[in-house]
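Read top to bottom, the protein sequences are chains B, H, W and Y. Taking this note's numbering, the leading residue of the first sequence gets 2, the next gets one more, and so forth. Taking this note's numbering, the leading residue of the second sequence gets 2, the next gets one more, and so forth. Taking this note's numbering, the leading residue of the third sequence gets 2, the next gets one more, and so forth. Taking this note's numbering, the leading residue of the fourth sequence gets 2, the next gets one more, and so forth.
Keep in mind the hints are simulated off the structure, nothing from the lab. Treat each hint with caution, since some may be false.
No copy is singled out in the list; a pair is fine if it fits within one copy or between any two copies.
Unchecked claim - When the alpha-carbon atoms are kept at most 25 Å apart in a straight line, the in silico SDA-like pairs for lysine to any residue are as follows:
id : residue 1 : residue 2
1  : K166      : V90
2  : K166      : L227
3  : K166      : A224
4  : K166      : P223
5  : K269      : E27
6  : K269      : T30
7  : K344      : A124
8  : K166      : P313
9  : K166      : E312
10 : K277      : D188
11 : K277      : T252
12 : K44       : A339
Chain by chain, the residues:
There are 4 protein chains.
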Amino acid sequence: MLFFVNDYGEGAHEAVLAHLAETNREHLTGYGSDPYTARAKEKILAAAGCPDGDVYFLSGGTQTNETVISAYLRTWEGAVACETGHIAVHEAGAIEHSGHKVLTVPAHDGKMDAAELDAYLAAFFTDGNHEHMVFPGLVYLSYPTEYGTLYTKDELAALSAAAHKYGLPLYLDGARLGYGLASPACDLTLPDIAALADVFYIGGTKVGALCGEAVVFPHGAPAHFLTHVKQHGALMAKGRLLGVQFDALFTDGLYFSISRHAIDMAMKLKQVFLDKGYPLYIDSPTNQQFVILTQAEAEEIAEYAQFEVWEPCGGGRMVVRFAVSWATEAADIDALAAILPEK
Amino acid sequence: MLFFVNDYGEGAHEAVLAHLAETNREHLTGYGSDPYTARAKEKILAAAGCPDGDVYFLSGGTQTNETVISAYLRTWEGAVACETGHIAVHEAGAIEHSGHKVLTVPAHDGKMDAAELDAYLAAFFTDGNHEHMVFPGLVYLSYPTEYGTLYTKDELAALSAAAHKYGLPLYLDGARLGYGLASPACDLTLPDIAALADVFYIGGTKVGALCGEAVVFPHGAPAHFLTHVKQHGALMAKGRLLGVQFDALFTDGLYFSISRHAIDMAMKLKQVFLDKGYPLYIDSPTNQQFVILTQAEAEEIAEYAQFEVWEPCGGGRMVVRFAVSWATEAADIDALAAILPEK
Amino acid sequence: MLFFVNDYGEGAHEAVLAHLAETNREHLTGYGSDPYTARAKEKILAAAGCPDGDVYFLSGGTQTNETVISAYLRTWEGAVACETGHIAVHEAGAIEHSGHKVLTVPAHDGKMDAAELDAYLAAFFTDGNHEHMVFPGLVYLSYPTEYGTLYTKDELAALSAAAHKYGLPLYLDGARLGYGLASPACDLTLPDIAALADVFYIGGTKVGALCGEAVVFPHGAPAHFLTHVKQHGALMAKGRLLGVQFDALFTDGLYFSISRHAIDMAMKLKQVFLDKGYPLYIDSPTNQQFVILTQAEAEEIAEYAQFEVWEPCGGGRMVVRFAVSWATEAADIDALAAILPEK
Amino acid sequence: MLFFVNDYGEGAHEAVLAHLAETNREHLTGYGSDPYTARAKEKILAAAGCPDGDVYFLSGGTQTNETVISAYLRTWEGAVACETGHIAVHEAGAIEHSGHKVLTVPAHDGKMDAAELDAYLAAFFTDGNHEHMVFPGLVYLSYPTEYGTLYTKDELAALSAAAHKYGLPLYLDGARLGYGLASPACDLTLPDIAALADVFYIGGTKVGALCGEAVVFPHGAPAHFLTHVKQHGALMAKGRLLGVQFDALFTDGLYFSISRHAIDMAMKLKQVFLDKGYPLYIDSPTNQQFVILTQAEAEEIAEYAQFEVWEPCGGGRMVVRFAVSWATEAADIDALAAILPEK
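Next up, chain B with everything else stripped away, as it sits in the complex (with noise of 0.2 Å):
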């Protein structure tokens, strides 16, 4: 059976394994006071171009969003995100369970356009009515996409003035960072995000490691941001679990390396759709392929290969997404082009 199912389906990089048992031993102190964690962290910061910046690991997505996001906010306000955004749909309400709201603005693609952030939020604050309603607080953009898609620096330079212009911090969710940043569709660089948001993750549990997100700070963390992940339920004993592998990945550059090897395997696999003349929902330049099927196409192709069903999409037929990642092989994509029929 072909895995396409998600990008989180395998454990760890050999590498990373690799460094988790040569360091198994060694007696290290805990909650991330440890020289592999310092290490990781100064990596990240040299990559990112912000020596001066913080770190912090956390152990997933979900968790990560809600405990930065309610750092930055205070009571009364909310998180502006786009209506398919991570944090409004599919977070289970973790960060209306820490008592804020997700405001939302329209997606196209996935994507959240500057103008209609600003509109949105011109209009809050001339509403006569906005001391009754929930200020907006911080901007929350994923990056790539819930459906894959990419901001052109253009575009988060745009969003992150808009954000700025009204004094609200720009977030930006890179669960999947490594495999926008690998895209040949990427005109950004990871000290151009370090440079335009004010707080963002690198993702690892979706490139190469068992668990982990590194959280850069560019400017610092807000005060007693340690405490906060502690009373979120964030903080690992053996934060050398995640301060080991992040710095594996931020080695030689293993991080851009594999998320490339990711990308090349999703164009590789787009082509096959294509080829074979299958439509895309979406022409996603990153690890995520939304491709749109018919019920018995579905159903065929579910013999052979697993995939997510992403949404119905009219006359029948649905969305469904085809994930690929660092520990995707070339041969699991020439396996499906050879039995894949034409359309």
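Starting from the known structure of chain B, arrange chains H, W and Y on it as the hints suggest.
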């Protein structure tokens, strides 16, 4: 430098690491839906003698306490704990962050007294103003306690009876459960705990795993617990990381054998202090040993051994903690014995 | 200056004030345990045709919505409301502050459509990822809606059936309930509402009281609701303030007769605008009238009458709200008619 | 039946009721934007000697405590209170519901000791594990305390200094502030309180109003406090109800003169008990008197007077509270004196 700072200072037991490595490239579905997680659950329920129960894996202790407790409590309820309980002191207000008060009763060497619990609950429900107060909604115990002490089977049965008399579930925090069960002072078995507690967790982070706690619900989990876990940021995408580790820990009794080793080391360590004439703060039967040192003694020992300062105890003296774990070797204790001066 | 800004611009109906004055020096116990509160509850339950139900008095609408909704929801649940619902827009995130998401469905002139509600709930429970999403846990409606519109008995029955089909309670926000029931367009009675909703409130603040809303639970209140109310800061020490007022409002049908007066005034006001050629934004059958004005018209009218600007509606025009209440006098409408120019 | 149950057993002072009646039909805008509210604020700031401060009116004590405290605290912070403080015991967990722990220090006749507060704060900030604990973020005092006792000016200054030494604001709960200031034992003025506390409230519910507490911020309110109030369900649509009452209470010193009357009654009541030989539990200088009774005495007195049982005090005896207020008449005390037997 000898290491007795804590019981989470090393990585994972080699068999755990090996199981992670050997399953690393298998394609598995996420969020704990994989066969290794299923197998680990089955093994744990068998070991606990409650085959119809439920098991969920979470990544750390504070997260587990907050997620489990808030799943049981309604808004007007709080958790009853010892004043020295982990949730009352060292979780940065995680329980309160989820909206619930920690109601405290006295601690005796870290232990709750069943008669005092009963008296507390009786006083609450007969207080004419109790509708203006936080209702006790769950009883929280640690086993072993934060001071390394253990409840006897009779004591635990009495606490269980007191809680149930008022309709409250009993929750047992087993961050160091293995070290409790392996102690010569323990007259309880895992099935005993499953029979007396309504929910408990088997700690992995401190007992052989990189991370992970197994929450056991002998009579089944609360409705929609998976969504609750997700909302609390505690659902790992790569659930395999937890499932595979506990599958290894509950194969061939590994969890119990490594716990027994730790207890052997702890008893050997205790004997070193007793032989050299150092007073114990508490006669702990488990892996944490609490010793009373003068300032001068502490400074001298700190030159060759790491330990944790626990609290001042009058007369310029202090309580310090020496912790051992599954990873401590006999040679470490011998080395300490060779260098520690007689008092 | 004529006053049409809102329906809470005056104090209390004279009979309400008089009842407060005549009972003022009686020594009464607190927190709603007094005989006036008991009598008011009895009268309300009789009027609603559910003598075995419960009634609680709270002081204001947002407080009532937050307190009632959070008493029904578990952590993983949210409240389903129209996108224009008061809890979704104008309560400063009170529902989210208590940890719950407001899940929105489209509004049609402020009303929820039963078929759309059913489709929304069906889609949720059949979504393969719904365990990662906020569960709908209660349906919230306003009657009259924020746009002054009313549900017919059939519409409300269909909404009730749709909610109950999925096991969700139906909650009806009756901040202006009197004005709904008194409308000629209304085919519902108070007992009808008690039969279709699981909980609703009878608004006092906007209908003759200084403050106060009567929450009615036709089948009984959730457990320990008093403590829940206290925790939410909503339990008045001088519960008499609310009980005495509702005792007056539900004596000799005062609540209903003053509501009918307000509706007479509203219809008279609507006719003035129609006669003068001003377009209505919505043909509201209740005490709030929404008129479309040009900027110039609005400025001119603002010189002799106060109203509220609601929202822009294109072409430089705006929707404005003229509200009447139990306190509006026919002379006020006549004065407006005398001065308002023909369009 | 004589009434000494509490100090909120009657309605409002007649001058307050009269002011409500005389302004009843004036058309006023909502949410505290009316001129009576503005006037009341001005009068209160003048009386407190801080004309540049801010005043907000809320409806009750628990609501006020929760709303004010949560406006000051960040997620990782808690409020320091006496173990007998109202927020620690009798507010049904309202502070915890807003996410914050109540950190307790010992109470001495209901009072906090400045040296103990300083020691507590010093111990916290020097604890090596304090980043894993709840940070103290505000100091909460009651004046008078829950036991009717008062801080001297020196004591309050010392507490203020201790809080400020660690950067914490001092919040004073003045539910019975009038009765404290009017006591012969009081050496503080309202301006003294405004100089020593960062925020405090002047209780109206227990001192002449139907409801209402005036929160005074001598140096200005936190940002967006109105929205915070709204989110916490504490913003009254008819803000006039609070503004008009406080306008009356702060006209011609009414608040102070009715408080003095209550204290006269309290001293007269205390003398009755002393003359008859009943022991006092605490020598309270304010309107709450705590008397020790045997079970038989309590039962006998309960036949002609209502009071509140406070707590058992050993030997089968109990502490009971006799409360007087602005509404208590000398004849009530005389009647008690006439019937109460000598002990």
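Measure nothing new, just compare the shortest in-copy and cross-copy C-alpha distances for K44 and A339 to 25 Å and report within, between, both or neither. Neither way: K44 and A339 sit 42 Å apart in one copy and 41 Å across, limit 25 Å.
With identical chains, the pair K166 and V90 could be close in the same copy or across copies; at 25 Å between alpha carbons, which is it: within, between, both, or neither? between (27 Å within a copy, 23 Å between copies)
As a check of your reading, is K269 near T30 (CA-CA no more than 25 Å) within one copy, between copies, both or neither? between (45 Å within a copy, 23 Å between copies)
Have a look at K166 and E312 and pick one of within, between, both or neither, based on CA distance no larger than 25 Å. between (36 Å within a copy, 24 Å between copies)
Between copies, within a copy, both or neither: which fits K166 and P313 at Cα up to 25 Å? Between. Shortest inter-copy distance 23 Å satisfies the 25 Å Cα cut-off; intra-copy 38 Å does not.
I want to check one pair: K277 and D188. Are their C-alpha atoms no more than 25 Å apart within a copy, between two copies, both, or neither? Neither: 30 Å inside a copy, 60 Å across copies.
My question is about K277 and T252: at a cut-off of 25 Å on alpha-carbon distance, are they close within one copy, between copies, both, or neither? neither (39 Å within a copy, 47 Å between copies)
Same-copy or cross-copy closeness of K269 to E27 [CA-CA at most 25 Å]: between (42 Å within a copy, 22 Å between copies)
How do K166 and A224 come out at 25 Å by Cα distance, when the copy is not named: within, between, both, or neither? both (23 Å within a copy, 19 Å between copies)
Can you tell me if K344 and A124 fall within 25 Å by alpha carbon in one copy, between copies, both or neither? Answer is neither; intra-copy 48 Å and inter-copy 29 Å both fail.
Intra- versus inter-copy proximity for L227 and K166 (alpha-carbon distance at most 25 Å): For K166 and L227, the Cα distance is within 25 Å only across copies (23 Å; inside one copy 29 Å).
Pop the pair K166 and P223 into one bin, within, between, both or neither, using alpha-carbon distances up to 25 Å. both (20 Å within a copy, 22 Å between copies)
The structure does not agree with the numbered hints 7, 10, 11 and 12 stated previously, though it agrees with the rest.
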